Structures are given as C-alpha cells and as structure tokens.
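Undergrad: Here are the chains, one letter per residue:
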Amino acid sequence: MSSVFKKYIVAASGLFLTLFVLGHSAGNSLMLFSSEMFNRYGHALITNPLIYLIEFVVVAIFLTHVFFALKVTFENWSARGDVGYKKRVNKDSNLISFAASTMPYTGAVIFIFLVLHIVQFKYGAYYEITYAGTIMRDLHRLLLEYFPAPLNAIGYIIAMVVLTFHVLHGLWSITQTFGVNRSMYNKLFRNIALGFALFVLVIYVTFPVWGYLQGVK
Amino acid sequence: MSDEMTLYLQVWRQKDSKSKGGFQNYKVENVSGDMSFLEMLDMLNENLAREGKDPIQYDHDCREGICGACSCMINGEAHGPGKKTTTCEMHMRHFNDGDAIIIEPWRAKAFPVLKDLAVDRSAYDKIIMAGGFIEVKYGNAPEANSMMVGKEVADFAMDNAACIGCGACAAACPNASAMLFTAAKTTQLSLLPQGKVESKKRVQSMIKKMDELGFGNCTNERLCEAACPKGISIISIARMNREYMGTLLKSDY
Numbered sequence: 001m002s003s004v005f006k007k008y009i010v011a012a013s014g015l016f017l018t019l020f021v022l023g024h025s026a027g028n029s030l031m032l033f034s035s036e037m038f039n040r041y042g043h044a045l046i047t048n049p050l051i052y053l054i055e056f057v058v059v060a061i062f063l064t065h066v067f068f069a070l071k072v073t074f075e076n077w078s079a080r081g082d083v084g085y086k087k088r089v090n091k092d093s094n095l096i097s098f099a100a101s102t103m104p105y106t107g108a109v110i111f112i113f114l115v116l117h118i119v120q121f122k123y124g125a126y127y128e129i130t131y132a133g134t135i136m137r138d139l140h141r142l143l144l145e146y147f148p149a150p151l152n153a154i155g156y157i158i159a160m161v162v163l164t165f166h167v168l169h170g171l172w173s174i175t176q177t178f179g180v181n182r183s184m185y186n187k188l189f190r191n192i193a194l195g196f197a198l199f200v201l202v203i204y205v206t207f208p209v210w211g212y213l214q215g216v217k
Numbered sequence: 001m002s003d004e005m006t007l008y009l010q011v012w013r014q015k016d017s018k019s020k021g022g023f024q025n026y027k028v029e030n031v032s033g034d035m036s037f038l039e040m041l042d043m044l045n046e047n048l049a050r051e052g053k054d055p056i057q058y059d060h061d062c063r064e065g066i067c068g069a070c071s072c073m074i075n076g077e078a079h080g081p082g083k084k085t086t087t088c089e090m091h092m093r094h095f096n097d098g099d100a101i102i103i104e105p106w107r108a109k110a111f112p113v114l115k116d117l118a119v120d121r122s123a124y125d126k127i128i129m130a131g132g133f134i135e136v137k138y139g140n141a142p143e144a145n146s147m148m149v150g151k152e153v154a155d156f157a158m159d160n161a162a163c164i165g166c167g168a169c170a171a172a173c174p175n176a177s178a179m180l181f182t183a184a185k186t187t188q189l190s191l192l193p194q195g196k197v198e199s200k201k202r203v204q205s206m207i208k209k210m211d212e213l214g215f216g217n218c219t220n221e222r223l224c225e226a227a228c229p230k231g232i233s234i235i236s237i238a239r240m241n242r243e244y245m246g247t248l249l250k251s252d253y
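Line by line, the protein sequences give chains F and U.
For the first sequence, the positions run 1 to 217 when this note's numbering is used.
For the second sequence, the positions run 1 to 253 when this note's numbering is used.
No lab work stands behind these hints: they were computed from the structure.
Here the structure is a predicted model, which means the values were calculated and not measured.
Careful: at least some of the hints might be erroneous.
[To be verified] With a cut-off of at most 20 angstroms between alpha-carbon atoms, the simulated EDC-like pairs for lysine to aspartate or glutamate come out as follows:
1) 15/U - 82/F
2) 208/U - 125/U
3) 18/U - 82/F
4) 84/U - 92/F
My request is simple: use the sequences and hints to build the entire structure.
TA: Written out as structure tokens, the structure is:
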C-alpha cells in the first residue's frame, strides 16, 4: 500500500470521525435544555435495533483511523534514520503547524479519554426514571454527579482542548490529502478548519462548565 | 552585522558512511558579512589544511543556487535562516559576531551520510529514473501556438520545474518524506501536453519508488514548503494526491 493511499485512509476515516464529533455535540446539547429531552434522546438511540450496526461501523472506522495513523507514525519515526538532528526549527511556525506536529500525541490523549469516557458514561452508574409510563436510563443524573467534581470537569476540558488541536490539523489536512486544496483556497480552508475547531472547543467546553455550575448551585 | 566576525561552529564530522560521527567545535575568525556560507567553510578548511587536519567535506558546485548540490542544516534550518536561498547563496551577514552555529548534514534514512556534511542523495535520482521523464521523442520545439497551453498552467509547470533536487524538503520534513520533490517532478510534466500522456504510469511508479527508498509518509506539516529554496508550494503535493487518486480510478484506455 502506497504512502499516499495510507493518507487517504487516515483522512477519510478522520473526516467521518469529525462528523461524529459534530453529531455527538448536537445530541449532548440537549442536556442544556431539559433532562427529559436528553434522556428521551438517549433512550431513542439505544432502543433502535440499528444502533448495534452503527456502533460497529463507528468503532471499525475509529480503529482503522488509529491503526493507520500508528503505522504511518512509526514508519515516519524510522524514516529519519539512526541519527536525528541536534537542532531543528520550523521556519513557518504557527498554531496549525503546532497542531500538525503533535498529532500522534493529541491522538493518544484522545484515545485514553475515549476509553475513560465510555467506561464512565456508557458503562457508568445506571439510574432509572419513568416518563409517561416508559422506564428509561437517567443519564442526565449521572452527568450532574460527574461534572461537579472539579477533577472530572477539568480533565474533560483538557481533553477537549486536545481534541480541538487534533481536529484543527485534521480538517485542513483532509483538503490537502484529497487534493481539494488549490492556492486560491488554501487560506479559506485553513480559516474553515480554524473556525470549526473553535466551534468544537466552545460547544464541548460548555458541557463540563454547565455541569459544574449545576452542582455548585 | 559587523564586518569582521568571530563565529563558533559545531560541525558534524564523520569519517565515512560506516563510522560513527560526532560534533566538533571550531572557531572561525575574520569572517566578512559579504562571504557566502560556503566561503566561510572554505576559510575554515584552509586553516584546517594548514594545521594538517582533515578538511570538512561538503557538497557544492555552481555556487549560484541552481545546481542543488549544497546541503547543510544550519542551526536547525535547511539551507540556513534565509528564505528561498540555498546554502551557497546564504551570506554571513545573516549572522552576528560571536554567534554559535550548528552545522549538520541532511538526516534521512534514504540520504546516508558519506562523509561529514556530504550525503548520498542518489535516492532522488532513483525517483526520477522511475518515471520523471518523457519517453516519446517530441523533436524540436513546436511551432508557436500550435500546441495551446494556458498561461496559468504553463506558469505552474514552470514553478515546479524550478526544483533543483537539493533534498531540503526531505531534510526539513519531520517525517523525512520526499513528497514535495516527487510532487514537483510529476507536476512539471503532467501539466503539459507532452507529459500528460504518461502521467498515470509516472505518478504511480514515482510514488512507489519514493516509498521503497525509505522516505517517510507526508503528514501535511508544511515544513518542506518553508525550507524549499525554490519556493515550491505544497499545492503541488495536493495536485499529485488528486492525480494519484484519479489514476486509481481511471482505466488505462
């Protein structure tokens, strides 16, 4: 498999995961409006039989992304040779180039966060609540127990800042890898990536901050 | 910016490709700001020769920035701190009296060190041999306007043809990837009527060869673009990525 083809795979799976991040933020936003809306949304998701297929696809794409990103990273580390540079500087250093150079590390942090996230929420404490005769999981109660703990809220915020950097490079990088980039769009694509990353940061930091304040009240 | 400078160099010295190298410190006095970086090294080498020591080996040829022979990582920057300049075009006026300068060879698995600062860059020649040419004889230059090529297309092809194959892109790349070089060498041909014919074969075999030689994978970090003495843009890489995807979908006929 050629190096360029590996890029296509990482970029395509990354684009899908970016869309997942977007969709997940929309679902999560319901927590800000009402606990019933949030719980009913969660109930609708897990009672749909298609959820198993969707979960399988998401996990498969996620693991593909991780596998090829790791493969590319290890190949790249060995491509430098036995002796590295004593000193190396980037002539054109900026926020996006910082995001680019830290991709394997931000990726590793996101991986650890995701494992904890699934253990703490999906397989976390199970409470039940009844709306109009239907018994469903009260995930909203778990949120309000989780975020008021300062360590949980801070950890979540740190993970989201890391995700922002990962998405920032990833999104712009997709335009380059799929050859959509042209010199006249280069700046535009970078600004779109910057705007999207900022959006991800704002919306995902809102959840822990909101949850923390709910606990303080 | 003073006229007479004293510089403290840390130069990578390595006897041959098999031995283990290391840094050595040298003090160079009376360096003029008008000297090129290579002239400064020449001065140091003359002193070394006078002392009966082995001069520092480095690659150079035209000394006017068009041959692509000179190659040094100067203070962590390929071809030194100047923008769009090769090492030979770098003037010592970019440095100040008393500066410490670290001089290293290109570092890439595909560019093994031969001696001191000289590396074997035949890997780039092998990428060219894999398809960076036109097989059909087109004869003399065609009659003007008999073959229509858009101005922007011709300009972009020419920008890519400016590549001198110095190796700065792979040297500066955090992944030691040769994508910018390969992109320039495919783009300059694929855009023009004479080169278009073989573009599918060319882009596939050149990328294949590039991977085989042990260069890294491009991760769009843009350090190649910043280091390129000819200002070749990563837009060329995007163009090659697009072309390569097209070749995977297109049939031969």
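Undergrad: Has the given pair, residue 18/U with residue 82/F, been kept, meaning a C-alpha gap of at most 20 angstroms?
TA: Distance of about 12 angstroms is within 20 angstroms: holds.
Undergrad: Regarding the pair residue 208/U and residue 125/U, is the alpha-carbon distance no greater than 20 angstroms?
TA: Holds: residue 208/U and residue 125/U sit about 14 angstroms apart, inside 20 angstroms.
Undergrad: Decide if the proposed pair is consistent with the structure: residue 84/U and residue 92/F, CA atoms, cutoff 20 angstroms inclusive.
TA: At roughly 13 angstroms apart (the allowed maximum being 20 angstroms), residue 92/F and residue 84/U satisfy the hint.
Undergrad: Would the pair residue 15/U and residue 82/F pass a check requiring their Cα atoms to be no farther apart than 20 angstroms?
TA: With a Cα-Cα distance of about 16 angstroms, the restraint between residue 15/U and residue 82/F holds, given a limit of 20 angstroms.
In terms of the numbered hints stated before, the structure departs from none.
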